[in-house]
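2 protein chains.
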Amino acid sequence: MEILHSISDVKKYVKRFKSEGLTIGLVPTMGYLHEGHKSLIEKASSENDRVIVSDFVNPIQFGPNEDLDVYPRDLEHDAKLSESAGASILFNPEPSEMYFDDAVTFVNSSEITDVLCGARRPGHFRGVCTVVTKLFNIACPDKAYFGEKDAQQLAVIKRMVRDLNFDIEIVGCPIIREEDGLAKSSRNTYLSPEERKAATVLSRSLNNAREILKTGERDADKIIKAITLDIEKEPLAKIDYVEVVDSLSLKSVSKIEKSVLIPIAVYIGKIRLIDNFTFNI
Amino acid sequence: MEILHSISDVKKYVKRFKSEGLTIGLVPTMGYLHEGHKSLIEKASSENDRVIVSDFVNPIQFGPNEDLDVYPRDLEHDAKLSESAGASILFNPEPSEMYFDDAVTFVNSSEITDVLCGARRPGHFRGVCTVVTKLFNIACPDKAYFGEKDAQQLAVIKRMVRDLNFDIEIVGCPIIREEDGLAKSSRNTYLSPEERKAATVLSRSLNNAREILKTGERDADKIIKAITLDIEKEPLAKIDYVEVVDSLSLKSVSKIEKSVLIPIAVYIGKIRLIDNFTFNI
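So the sequence lines, in the order shown, correspond to chains P and W.
Using UniProt numbering, read the first sequence as starting at 1 and increasing by one per residue.
Using UniProt numbering, read the second sequence as starting at 1 and increasing by one per residue.
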């Protein structure tokens, strides 16, 4: 596996891969890779001749009061994990390699980004859409892999690919969890031992909601209420949002009649965690 | 030459061209092709194995009070001209083929689009950047050709290609003029015979400005004043803007010390025409 820092080096490899008729899978990440990322890279390796993992903490998707400066980084670990999962290239650029000081062009999305995390993190999805467009143009993948934990991101990227005619298949991959149910996330490392325990309330509340749905409940408000009550029992938890939305448009749903996404964002102490599940009818 | 109306048909040809190792030149147009477009297609034909001309009046780059509904169209003429200039494909999609009703993703640009035509046509360059991104993703060109008449468009697209890492060379082509100097434009057909005569004031005023620059004048205000006075002599003309800007950033310049763009927009009756020249030091 090659670790590359410059866009032009990646393009050289991509050109060679293409000229040899090889397919390319892209796994965009912000590094500090865990089992969730590993599952994406393994899936990409099983479906493509070559896999490019990008490892870039994208500054423009962080708000001014967010955790850009302290976001965890460990390139050596990332390289080992990527290689063992079958990657051919780990692309680890500096921010100055990715963004000109006088950059003026951005890819943005409306409506689908005005809700959930998008409503709470202004500019976040503009940063995501822009960096993913850049990575698509640099890596020219046949397929790109995103985790279902960032459900809104996955929906936004799928819509972007459709709207802008990227000839790329977007593959969503299931959430990978710790043994006690907590969804894997680089941000879990911020949690104190006590908070780590409390954080299981996210997946527990969602599991309970799934059971209620299985009994035939179709009133979204009742599902939201059940999740809310569960989370409120945990003293360290503070709800950011609990919603029931259409899986594609992410618009709020009141009566559950087709496939819905049930996403939640919860502060555990100062750490904001997200989780979700999709319920198909 | 093939006339294609669907994105998937264009993609089939593009895939075949790529698999045969052929280079592709793209000439994006809004149709009603004139000698200016012809020069772009001929240039593209001379530099690429295959040329795709898009012929699409892009609704999202028109403002609510602009001329979308009356914009001139003549597919038969466009097909003849494109074929004779060496095009392989004329891509003429319906708006519904290009835009989903629930499209939410757009490419936008700031700063460089906050001046000149961008300041007067809100949303125009968002429409241009979005459709050009889509055309880039559909046609996968090695090079794309744009006229220098739309100087701001050319600057915006160059910046977009750089900022979003499109692997495409943008080629600007010189303005083609009528014998009396009027820059060729599909919108010239709107002019009455009297207005058509008056319209020569644009190129005349720019020619005079060029002569003044050649004498060594470097004060931008004096250049602007000379052009303004020339245009004000023409009763049918009303200035929209006359500016002296940096060729790359399009920021206003007061002292002319390096390459500048001198763009003007002038109403002749109700018809808004643009023209420009670049002065290199």
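Hints listed in this document are in silico derivations from the structure and should not be mistaken for laboratory results.
Everything numeric in this text was worked out from a predicted model, so none of it was measured.
Honestly, I wouldn't trust all of these hints.
Since copy identity is lost for identical chains, a pair holds within one copy or between any two.
As the list claims (entries may be wrong) - Simulated pairs of lysine-lysine, DSBU-like, Cα-Cα distance not exceeding 35 Å:
no., residue 1, residue 2
1, Lys214, Lys18
2, Lys197, Lys11
3, Lys15, Lys38
4, Lys258, Lys11
5, Lys238, Lys15
6, Lys233, Lys43
7, Lys222, Lys12
8, Lys197, Lys251
9, Lys11, Lys251
10, Lys80, Lys251
Each hint tested on the structure:
1. Lys214 - Lys18: Neither: 47 Å inside a copy, 50 Å across copies.
2. Lys197 - Lys11: neither (44 Å within a copy, 52 Å between copies)
3. Lys15 - Lys38: both (26 Å within a copy, 32 Å between copies)
4. Lys258 - Lys11: This pair counts as between: shortest inter-copy Cα distance 33 Å, intra-copy 42 Å.
5. Lys238 - Lys15: neither (49 Å within a copy, 52 Å between copies)
6. Lys233 - Lys43: Neither. Shortest intra-copy (38 Å) and inter-copy (70 Å) distances fail the 35 Å Cα cut-off.
7. Lys222 - Lys12: neither (54 Å within a copy, 49 Å between copies)
8. Lys197 - Lys251: Within. Shortest intra-copy distance 32 Å satisfies the 35 Å Cα cut-off; inter-copy 55 Å does not.
9. Lys11 - Lys251: between (38 Å within a copy, 32 Å between copies)
10. Lys80 - Lys251: Intra 40 Å, inter 47 Å, cutoff 35 Å: neither.
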